[in-house]
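Novice: Residue numbers for the sequence shown follow this note's numbering, beginning at 76 and rising by one.
It should be emphasised that the hints constitute simulated quantities derived from the structure, not laboratory data. One or more of the hints may lead you astray.
Claimed, not checked - Simulated restraints, written as ranges between beta carbons of each label pair:
{"#": "1", "residue 1": "Ala176", "residue 2": "Glu122", "range": "33 to 41 Å"}
{"#": "2", "residue 1": "Asp243", "residue 2": "Ser99", "range": "28 to 36 Å"}
{"#": "3", "residue 1": "Phe266", "residue 2": "Leu215", "range": "32 to 40 Å"}
{"#": "4", "residue 1": "Gly222", "residue 2": "Ser99", "range": "31 to 39 Å"}
{"#": "5", "residue 1": "Gly200", "residue 2": "Gly222", "range": "17 to 25 Å"}
{"#": "6", "residue 1": "Leu264", "residue 2": "Asp138", "range": "23 to 31 Å"}
{"#": "7", "residue 1": "Leu219", "residue 2": "Val249", "range": "32 to 40 Å"}
{"#": "8", "residue 1": "Asp198", "residue 2": "Asp175", "range": "15 to 23 Å"}
{"#": "9", "residue 1": "Thr240", "residue 2": "Gly135", "range": "37 to 45 Å"}
{"#": "10", "residue 1": "Ala119", "residue 2": "Glu242", "range": "14 to 22 Å"}
{"#": "11", "residue 1": "Tyr278", "residue 2": "Gly118", "range": "41 to 49 Å"}
{"#": "12", "residue 1": "Thr137", "residue 2": "Gly200", "range": "46 to 54 Å"}
Fair warning: this is a prediction, and the values are worked out from it, not measured in the lab. Positions of the beta carbon are idealized from the N, C-alpha and C atoms, including for glycine.
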Amino acid sequence: MPSSRFLLFVIACLLPASAVAADSVGAAVATRSFDATLRFEDGALVERRFRRAGVEYWEGLTDNVFAGFTVGYSESEGRDAARPFETVSGNYGSLGLRFDAPFNEYVVLRGRVEYLLQRDRQDTGEVEFETRTYETRAELGPVLRYGRLEFGAGASWRDLDYRETIEDATGETVRHADAVDHAGGFATLGFRTNDEGAIALRYDAGAEDGWSLRFERTF
Numbered sequence: 076m077p078s079s080r081f082l083l084f085v086i087a088c089l090l091p092a093s094a095v096a097a098d099s100v101g102a103a104v105a106t107r108s109f110d111a112t113l114r115f116e117d118g119a120l121v122e123r124r125f126r127r128a129g130v131e132y133w134e135g136l137t138d139n140v141f142a143g144f145t146v147g148y149s150e151s152e153g154r155d156a157a158r159p160f161e162t163v164s165g166n167y168g169s170l171g172l173r174f175d176a177p178f179n180e181y182v183v184l185r186g187r188v189e190y191l192l193q194r195d196r197q198d199t200g201e202v203e204f205e206t207r208t209y210e211t212r213a214e215l216g217p218v219l220r221y222g223r224l225e226f227g228a229g230a231s232w233r234d235l236d237y238r239e240t241i242e243d244a245t246g247e248t249v250r251h252a253d254a255v256d257h258a259g260g261f262a263t264l265g266f267r268t269n270d271e272g273a274i275a276l277r278y279d280a281g282a283e284d285g286w287s288l289r290f291e292r293t294f
C-alpha cells in the first residue's frame, strides 16, 4: 500500500549514514504531512493532504547563505467525491536558498525561499489518475537558542498551483485549482545533538496545517 511504502521510506532515511566532510555543506532528512484547502475553477472547495519524505543537500555560497535541493517520495490524498482514488503516490523535488544570520550567540534570523514540484499518479488499468503540484514559498523568523535547545517562530507565504488529470474510457478530464490561503505561521522546537547535528519538530498553521520532522547535519 502507498502508506506502507511511505513509512518504509521514512525509516530508511533515518538510519545512520556516512558522509564525506566538506566545507559549508549540510544534509538533512525531512518528513512533512499537512492539509491544504484548494479552490477549483468551478468554485468547489476541496481539502487535500500532502505527505513528503525527502533528503536535502545544502552548500554554502557565503558564510550565511546556502543553496540546495531536495528529492523524495510523496503522497497526496483527497476528500472529493469526484475523485476515483483516496491516495496517489509519486515523487517530488525542489530548489531553494536559505540563510542563517546570527545577531549573537542566542538569536538567529532564519529565512528560506523554495520552488517545489510534486507529481503523484495511480493507474488501475481502467482509470489513470495523476496530480501535479507547483509550490513557490518563502518564510522568515527568529530562532532563540538556550543551551542545546532552539525555539523558533515566523511567517510563511506560499503560492500553490494544482492540477489533476483523470483519463478513462470516456476520455480525459483536467481540473485546475489554487490554494485558498497563501499566508501562514509556524513554530519550531529543536535540539542540537552536537555542534554539527540538530533535530527539529515544526507545526504550520494558516495556508497549510500540519507537522514536520527534520534531522540535519553540517560538515
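Novice: Indicate, hint by hint, whether the structure satisfies it.
Specialist: Status of each hint after checking the structure:
no.	hint	in the structure
1	Ala176 with Glu122: 33 to 41 Å	holds (36 Å)
2	Asp243 with Ser99: 28 to 36 Å	violated (51 Å)
3	Phe266 with Leu215: 32 to 40 Å	violated (22 Å)
4	Gly222 with Ser99: 31 to 39 Å	violated (25 Å)
5	Gly200 with Gly222: 17 to 25 Å	violated (57 Å)
6	Leu264 with Asp138: 23 to 31 Å	holds (26 Å)
7	Leu219 with Val249: 32 to 40 Å	violated (47 Å)
8	Asp198 with Asp175: 15 to 23 Å	violated (43 Å)
9	Thr240 with Gly135: 37 to 45 Å	holds (40 Å)
10	Ala119 with Glu242: 14 to 22 Å	holds (20 Å)
11	Tyr278 with Gly118: 41 to 49 Å	violated (30 Å)
12	Thr137 with Gly200: 46 to 54 Å	holds (52 Å)
The earlier numbered hints that this structure contradicts are 2, 3, 4, 5, 7, 8 and 11.
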